[in-house]
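Participant: Sequence:
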Amino acid sequence: MLYINQLADVVGKEVTLKGWVYNIRSSKKLLFVLLRDGTGLCQSIISQEDVSEELWEQASGLQQECAVEITGIVNADERSVGGHELHVTGLKVISVTENYPITPKEHGIEFLMEHRHLWLRSRKQWAAMRVRNTIIYSIHRFFQEKGFIQMDAPVFTGNAAEGTTNLFETDYFDRKAYLTQSGQLYGEAMAMAHGKIYTFGPTFRAEKSKTRRHLTEFWMIEPEMAFYDLAMNMDLAEEMIRHIITDVLEQNKPELEILERDIERLEKVKAPFPRISYTEAVERLASEDMQKKLDAMMQERHDEKVLLQKEKEELDSEFGQAKKGRKFQIDRRRGQINARMEQIDEDLRNIPVWKKSAQEKKWGDDFGGSDETLLTMEEETPVMVYGYPAEIKAFYMKRDPENDKVALGVDMLAPEGYGEIIGGGQREEDLDTLMQRLKEHDLPEEPFRWYLDLRRYGSVPHSGFGLGLERTVAWICGLKHVRETIPFPRMMGRIYP
RNA sequence: UCCUCCGUAGCUCAAUGGCAGAGCAUUCGGCUGUUAACCGAAGGGUUACUGGUUCGAAUCCAGUCGGGGGAGCCA
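Its first residue numbered 1192, the first sequence is counted upward by one per residue in the numbering used here.
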């Protein structure tokens, strides 16, 4: 089997490709068939003079997504997508397709989500899945090369230790069971057996969140390391992200171009990531400086809106006498302007709220989505915020020995508004302290018996974190919404296809 | 649960109280290098649903259903 991404090796030879018709253009005696085979796109040219009448007729009837086997001679050609094209000598139709729903034109999101099983064939979706694949492989390689053991935490959990509101309940032989929302506690047990481990699996959250950052089913990577403190944990998280970015830049430049990702921004992620304490973050949010920046941001949006409005009016007046091709361009640009204006209007509604939220931020408050955006606004790399108030963090998080109010947790916030991609920290290793924390959080001891055993038998300082795969893919691909970073997204209100 | 926007041809959208339209897709015709090709023609409508206001409703009002974005929530 020969694939399109191997064509450079067979220039001048006659080869056979198997795939699907991605698009078709015709002239009187020429047919241009853009072939898709999963590895890329290749244009084939069918010239009526060079082929049999039967083949010509067959080729004329092709439609988008027909499955075909095309034989032809490979030419290197700058004009063609991918740099190669096929001068067709033979064609076999494997299966006929009629009226494929997704045309090469624009579609709305509802329609595309309804056809996700077909949408996956489209170029941008194809590119995003390739990047996702690189990221997954890169993560495995990173940990494997460092001697981590990949181990799987269970998906079913038997108790709802921390409340059931966010958990999906399921029937487990007449008992209640829940789908996991983190493998961390099990990760701790496995780290005590192997030293350094990581889990890689799905997690489930029954949150009623309809936003671009939320899925009900998403994939999480959770390393857990014995004898690691918070600083070592942060070093590891940073090194992992830089490893991923390096791999993607090395292997997926063409995909990033299809996604129209600003590659320069990714290249800048190689610098060390800023680390700021929660206390500094609060000060930064509540500062005069932040208020001024937000005012400036507000003004910028206003100015941009005026400019867009003007451009739109010019386009409108041009539209009447424009030729068809130009009309098409105008329509496209108008669509872009409308989308941007909607975004601006939303920002204009939101910025005052962000401003208020930032200004009123006090020590002890948790950060919202807008606060995360503001903290990373001027950064080129992710930012790590550490040392959160213990009260807003989980029972298992170790406190700062120098300040009991501070938990040794860390979040990594991605730049460009992508929000939290990593959450983690150092775990409490002392049995009595942990039992005390359970009491403070009103949690029963019984379900945690096994977990407490870890502190009874050879307890050591240890740390770990969880990386949200989809948010990471969204950030690296520059995708607005996490639903395009996973083959079949599961979100509130959608379970089909 | 709350705020906000949307629902018109297979798809993307227009029609701002007065004849329901365009582009793409489909079918037919034309064109020898197209890049979302282009040019010409044809077919394609319960304007999400229910009720109301009006001489007249896609348009205004109320409700229902479906969808987008956001807040809350997200150890």
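Please note that a few of the clues may not be correct.
[Stated by the list, open to error] Derived lysine-lysine pairs resembling DSSO-like cross-links, with alpha carbons at most 27 Å apart:
no., residue 1, residue 2
1, K1496, K1209
2, K1204, K1296
3, K1296, K1209
4, K1219, K1296
5, K1671, K1401
6, K1484, K1444
7, K1315, K1220
8, K1630, K1367
9, K1315, K1461
10, K1220, K1283
11, K1501, K1547
12, K1219, K1283
13, K1401, K1209
14, K1204, K1401
15, K1484, K1553
16, K1459, K1283
17, K1484, K1209
18, K1584, K1546
Please keep in mind that the hints were generated in silico from the structure rather than gathered at the bench.
Participant: Hint by hint, say whether it matches the structure.
Facilitator: Consistency of the hints with the structure:
no. : hint          : in the structure
1   : K1496 / K1209 : violated (49 Å)
2   : K1204 / K1296 : violated (34 Å)
3   : K1296 / K1209 : holds (25 Å)
4   : K1219 / K1296 : holds (24 Å)
5   : K1671 / K1401 : holds (14 Å)
6   : K1484 / K1444 : violated (34 Å)
7   : K1315 / K1220 : violated (32 Å)
8   : K1630 / K1367 : holds (24 Å)
9   : K1315 / K1461 : holds (26 Å)
10  : K1220 / K1283 : holds (19 Å)
11  : K1501 / K1547 : violated (31 Å)
12  : K1219 / K1283 : holds (21 Å)
13  : K1401 / K1209 : violated (40 Å)
14  : K1204 / K1401 : violated (53 Å)
15  : K1484 / K1553 : holds (19 Å)
16  : K1459 / K1283 : violated (48 Å)
17  : K1484 / K1209 : violated (55 Å)
18  : K1584 / K1546 : holds (25 Å)
Of the hints listed earlier, those the structure fails to meet are numbers 1, 2, 6, 7, 11, 13, 14, 16 and 17, in rising order.
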